[in-house]
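Chemist: Read off the chains here:
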Amino acid sequence: MNHQLPAILFLLPLFAAISMPVVCLKHRHWSQPISVATLAAMVLVSILNLHNVIHHGEVRYVFSGWTAPLGIEWVADGLASIILVLLSALSLLGVVFTGPTSPKDLGGRIVHYHTLILLLVTSMTGILFAGDLFNLFVFLEVAAISSYALIGVAGGRALFAAFRYLIVGTLGASFFLLGVSYLYAVTGTLNMTDMVDRLPLLLNSKALLGGLLFMFIGLGIKMALVPFHSWLPEAYTYAPDSISPILASLVTKVALLAWVRIIYWVFNASIIINDIPILLLMEVVGALAAVIGAGLALAQRDIKMMFAYGGISHIGIILIGIGQGNQTGFAGGVFYLLNDSVMQAGLFFLAGVAFYQYGVRTIDDIGRVGKQAPWLTGSLIVMAFGMIGLPPTGGFFGKWYIILGALEAGNYVSVAAVLLSTLLTLAYFVKLFEGIFRQTSTRLDVQSGEIPLSFKLTLGVTSAAIIILGLFSAPIVQLLLNHALPPSL
Amino acid sequence: MVDAFFAVFQRPNFLTFVIIFLWGFYIMVTRYNLVKKLIGMYLVQTSVIFFLVSISAKKGATVPVLLSTTDPVQAASYANPLPHVLTLTAIVVGVATTSVGLALCAAIYRKYGSLDEKDILEKLE
Numbered sequence: 001m002n003h004q005l006p007a008i009l010f011l012l013p014l015f016a017a018i019s020m021p022v023v024c025l026k027h028r029h030w031s032q033p034i035s036v037a038t039l040a041a042m043v044l045v046s047i048l049n050l051h052n053v054i055h056h057g058e059v060r061y062v063f064s065g066w067t068a069p070l071g072i073e074w075v076a077d078g079l080a081s082i083i084l085v086l087l088s089a090l091s092l093l094g095v096v097f098t099g100p101t102s103p104k105d106l107g108g109r110i111v112h113y114h115t116l117i118l119l120l121v122t123s124m125t126g127i128l129f130a131g132d133l134f135n136l137f138v139f140l141e142v143a144a145i146s147s148y149a150l151i152g153v154a155g156g157r158a159l160f161a162a163f164r165y166l167i168v169g170t171l172g173a174s175f176f177l178l179g180v181s182y183l184y185a186v187t188g189t190l191n192m193t194d195m196v197d198r199l200p201l202l203l204n205s206k207a208l209l210g211g212l213l214f215m216f217i218g219l220g221i222k223m224a225l226v227p228f229h230s231w232l233p234e235a236y237t238y239a240p241d242s243i244s245p246i247l248a249s250l251v252t253k254v255a256l257l258a259w260v261r262i263i264y265w266v267f268n269a270s271i272i273i274n275d276i277p278i279l280l281l282m283e284v285v286g287a288l289a290a291v292i293g294a295g296l297a298l299a300q301r302d303i304k305m306m307f308a309y310g311g312i313s314h315i316g317i318i319l320i321g322i323g324q325g326n327q328t329g330f331a332g333g334v335f336y337l338l339n340d341s342v343m344q345a346g347l348f349f350l351a352g353v354a355f356y357q358y359g360v361r362t363i364d365d366i367g368r369v370g371k372q373a374p375w376l377t378g379s380l381i382v383m384a385f386g387m388i389g390l391p392p393t394g395g396f397f398g399k400w401y402i403i404l405g406a407l408e409a410g411n412y413v414s415v416a417a418v419l420l421s422t423l424l425t426l427a428y429f430v431k432l433f434e435g436i437f438r439q440t441s442t443r444l445d446v447q448s449g450e451i452p453l454s455f456k457l458t459l460g461v462t463s464a465a466i467i468i469l470g471l472f473s474a475p476i477v478q479l480l481l482n483h484a485l486p487p488s489l
Numbered sequence: 001m002v003d004a005f006f007a008v009f010q011r012p013n014f015l016t017f018v019i020i021f022l023w024g025f026y027i028m029v030t031r032y033n034l035v036k037k038l039i040g041m042y043l044v045q046t047s048v049i050f051f052l053v054s055i056s057a058k059k060g061a062t063v064p065v066l067l068s069t070t071d072p073v074q075a076a077s078y079a080n081p082l083p084h085v086l087t088l089t090a091i092v093v094g095v096a097t098t099s100v101g102l103a104l105c106a107a108i109y110r111k112y113g114s115l116d117e118k119d120i121l122e123k124l125e
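One line per chain: the protein sequences are A and B, in this order.
Just so it is clear: in the first sequence, position 175 is 175 by this note's numbering, and no numbers are missing.
Just so it is clear: in the second sequence, position 75 is 75 by this note's numbering, and no numbers are missing.
Since the hints were made in silico from the structure, they are not lab data.
Please read these numbers as outputs of a predicted model, since none were measured by experiment.
We treat Cβ as the ideally placed atom computed from N, Cα and C, and that holds for glycine.
Please note that a few of the clues may not be correct.
What the hints assert, rightly or not - FRET-style restraints, in silico, Cβ to Cβ:
id : chain 1 : residue 1 : chain 2 : residue 2 : range
1  : A       : Ile-276   : B       : Val-2     : 25 to 31 Å
2  : B       : Val-92    : A       : Pro-487   : 53 to 59 Å
3  : B       : Asn-80    : A       : Leu-281   : 31 to 37 Å
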């Protein structure tokens, strides 16, 4: 039973997604209960799976009896299992959040929305578990196609943003596939474990370096690294409010994890191919992303746009942590990734509540909310603490471990980049708070009633999670150090 | 330098791949019409698939069905089926992406009455 858990985790949302359009054809109001139930079951199974992996070691799931190098295999190791708990919990929250917003927000396409969300969760599970490179490509594309459709689902301005995302994202996928075919041409295998054994003989191969760089470009587009980030802000800003939390918190991070899988599990991260150290590349690009993303966030007036750029800068910080090539940095990077997913989800929930409940989209309007919205202001303060990285929150400990890792590696540029990005984050949150507490004569035009329960629930849970991740940072990082480290560290 | 130049012509499939890829990329970047951008995107996808097929071509090989089970298997006399299977999957992925792209184009046309990026951007302002 236990070794079937990865397959169950994948099939749960897949079956729900396939049966959704059939079941909900006549009964549209069934769609939300079905997806909430499915994702709640997935949370339970993923916790069971994590427990199993921690106590009995990683699970290698073999499809239809064809063992590893010939057949397709899935690897449920510590890293994938930990992230999967987060993924299913956050998508459950995202689906709970949509209750009150969805009819207006999605233009009545509730069944489409739930089907696509479940497909997105299915494919992200596949990305985390995939044990061979081509499988990874296919799941990346399924995830990407679901997100294009999700962004465009309600029509309006988002359509054009979704189209741009589609064009850029497909270019990224083509680069990734090109990289995969380079590696296949050089090594003759696609299975990650099998490839590890064949790589050491090929370190002078230019095709290997080319393949790795093409994969980096492809995944860089998917994770919105700074030179390739142009699709993200518009897509996430104009996407319906019920959709952007799930997209912002999960899609880019899962692409980053795919890159971590390739660079640490397939390639030994510290290798130097043709005199080019790959980790240095990650640190430099990460430092650029961290600083430039935060700088661009400072220039925004639209709240969602600001948070989207904040997410871009945090991808850079995670990459800095992971690129240090030591245990502290790696665990810090993954821990920061957990935090960042929660914070991004929380911030976009917050932006959704602000618009749905108070009609607020920009910093200039936010002053009108002020004291009338204790839930909104309260959770914003917690999330701002997390984003800036002040002590009781998880954001602080994540950055702390990343900086410790950078110091251990003697990388002072990385330390400076993290600190500079923190200062810029502080600056844009100060700008936001200045907007809130500024005295304005105009009152709210929308007479807001009581906040719906699901809004309180999602805002409360994400804010609490940010603080809990901070309070329990030591055991979580220890868990990451014990179970999620790649074999080469 | 001259050697490198001739080495390129030793492998016409790589040259074809590069030309199709860059051609598609050029169309994606320079054209304002959304459907033309999709065509460029499709060319890029197809070029990568072409590359994957062409590197797996083998002279004098037959279908991968064992002719005799007694001898040790002669790998050189059978075509490798894996790249072709990968190609099929990649084609399916490409078709799915293109269809989502066309659906978005149709929705954009219904909303803005134009497929020209410049017109749409004007209407967005």
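Chemist: Each hint: holds or not?
Modeler: Against the structure, the hints:
For the pair A:Ile-276 and B:Val-2, the supplied restraint of 25 to 31 Å holds, since their beta-carbon distance comes to about 27 Å. For B:Val-92 paired with A:Pro-487, a C-beta distance near 34 Å fails the hint of 53 to 59 Å. The hinted window of 31 to 37 Å between B:Asn-80 and A:Leu-281 holds, with their beta carbons roughly 32 Å apart.
Hint check: a violation occurs at hint 2 only; the rest are consistent with the structure.
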